[in-house]
Amino acid sequence: MEKGGSFSSEKNPEEKVLEEHKNERKVVIPGEKIIESMDYLPGRNCFRDGNSIYSKRIGVVYYRGRVIDVVPLSGKYIPEVGDMVIGIVEEIQYSGWIVDINSPYKAFLPLSGVRGFIDPSKTDLSRIYGIGDVIYAKVFDVTPLKDVKISMKDLGTRKFENGRIIKVSPVKVPRIIGKQGSMINLIKEKTGCRISVGQNGVIWIQGEKENLAAKAIFEIEKNSQVSGLTDYISKLLSKE
Amino acid sequence: MERLDGRKYDELRPVEMKVGVLKHADGSALVKLGKTVALAAVYGPRELNPRHMQQSDRAILQCNYSMAPFSTMERAKPGPTRRSVEISKVTREALEPALFLNDFPRTTIDVYIVILQANAGTRTAGINAASLALADAGIQMRDLVTSVAAGKIDGHYVLDLTGEEEEITECDLPIAYMPREKKFTLLQMDGKISEEDVKNIINLAVKGCEILYEYQKKALYEKWAKEGFE
Chain A
1 MEKGGSFSSE KNPEEKVLEE HKNERKVVIP GEKIIESMDY LPGRNCFRDG NSIYSKRIGV
61 VYYRGRVIDV VPLSGKYIPE VGDMVIGIVE EIQYSGWIVD INSPYKAFLP LSGVRGFIDP
121 SKTDLSRIYG IGDVIYAKVF DVTPLKDVKI SMKDLGTRKF ENGRIIKVSP VKVPRIIGKQ
181 GSMINLIKEK TGCRISVGQN GVIWIQGEKE NLAAKAIFEI EKNSQVSGLT DYISKLLSKE
Chain B
1 MERLDGRKYD ELRPVEMKVG VLKHADGSAL VKLGKTVALA AVYGPRELNP RHMQQSDRAI
61 LQCNYSMAPF STMERAKPGP TRRSVEISKV TREALEPALF LNDFPRTTID VYIVILQANA
121 GTRTAGINAA SLALADAGIQ MRDLVTSVAA GKIDGHYVLD LTGEEEEITE CDLPIAYMPR
181 EKKFTLLQMD GKISEEDVKN IINLAVKGCE ILYEYQKKAL YEKWAKEGFE
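Line order of the protein sequences matches chains A and B. With my numbering applied, the first sequence corresponds to residues 1 to 240, in that order. With my numbering applied, the second sequence corresponds to residues 1 to 230, in that order.
Check each hint, because a few of them may be wrong.
[What the hints assert, rightly or not] Using 25 Å as the maximum straight-line C-alpha spacing, the simulated DSS-like pairs for lysine-lysine come out as follows:
| no. | chain 1 | residue 1 | chain 2 | residue 2 |
| --- | --- | --- | --- | --- |
| 1 | B | Lys183 | A | Lys33 |
| 2 | A | Lys172 | B | Lys23 |
| 3 | B | Lys207 | A | Lys33 |
| 4 | B | Lys218 | A | Lys222 |
Hints listed in this document are in silico derivations from the structure and should not be mistaken for laboratory results. All figures in this text were calculated on a predicted structure; none of them were measured in a lab.
Bound-form chain A, shown alone (with noise of 0.2 Å):
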């Protein structure tokens, strides 16, 4: 049979969900019923109890095909593999660097995660990173107990010479990005500052207009609910 051919005469069920819930954008609390039904799997931030699916957390409900998540509205950064995260040094020891990175989980740096053979008996560590130096780095692994390693080998990680951070709640984090990284490039664009965002919160910002950047992730930060936003940034920024 070939793939995908049974479902050809009727539409894919994955599809017809999408359909069905694609503009509910509803908010849920702790122990709210979502849904009752058998034919639904919990995704992120939610439990099945008996025949129903609860949410765990204040968020909104989204449907990836017969799966639901709850997308949280507040909450703490909790490391992921994959994430880009902006942390500060704050402690060598023999094997690495152990990297704040805004989170009740510390971040370890090993000497494996940094470019190049590094003997730490011949090497002073604090001359590759020094403590309170600022790391843009990916999360290369989290165990269930949430030993959280990083890497600084990826495409795209560096440390950061000059320039300002600031910390905004994480779950802002994508408004502050926007669809294809349209409201980060407009700041961008605006302002001429260089921007780095991690997905913890920590935004790295380096440029002649640093306040004004500053000023409007702060702003996108307080009205990320509101609708034309992106507009509403474009004119704060044009402004100044």
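Following the hints, put chain B in place on chain A, whose structure we already have.
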């Protein structure tokens, strides 16, 4: 016959709940039940120090209940007392079953409850506020926790006792209850009373909890419902 403040026997005191009253906390809530005012702030999940207290498979919940010095007619001496340590413990045990603590291994979730004004039912007001603050902080929960006390005065079962009523009641029975799960997380009792009375009082308190649950949901939606639109 009416109650001292004109309420019906199964009526709650005027309820007021507000979520997100403190900027600095990860989650916060203010709950007023008549003249009793409780403020709760939640921090976390955050790194737990000292490290030997860390649980490698789950978060721990730390609750701190205290009364402001100005919360009663006579100055309440600040600092932990026998009573406040007990209430901190029962509050923690009332909230723990509602949380998915396994989602945040090695961390702590800190709950601070301050009674700003006391007129009986401070532990129940504190639990209501703490449950809202935990939800506000985005902590994974099975259900909200609601809490209220009931008692028996002159042969009538009465809900949500005031300070004046607490002095004349035959029994004071606070409960905490998860309305969706229909499970109790706190049950205490002062006084001497028959088995049948206990059952009736618990049933009355459960009814009160279900009303409070609606207020809690309303308070959470008031802050968060607008966030759904784009």
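Hint check:
no.: 1; hint: B/Lys183 <-> A/Lys33; verdict: holds (17 Å)
no.: 2; hint: A/Lys172 <-> B/Lys23; verdict: holds (16 Å)
no.: 3; hint: B/Lys207 <-> A/Lys33; verdict: holds (21 Å)
no.: 4; hint: B/Lys218 <-> A/Lys222; verdict: holds (22 Å)
Consistency with the previously given hints is maintained throughout, with no hint failing.
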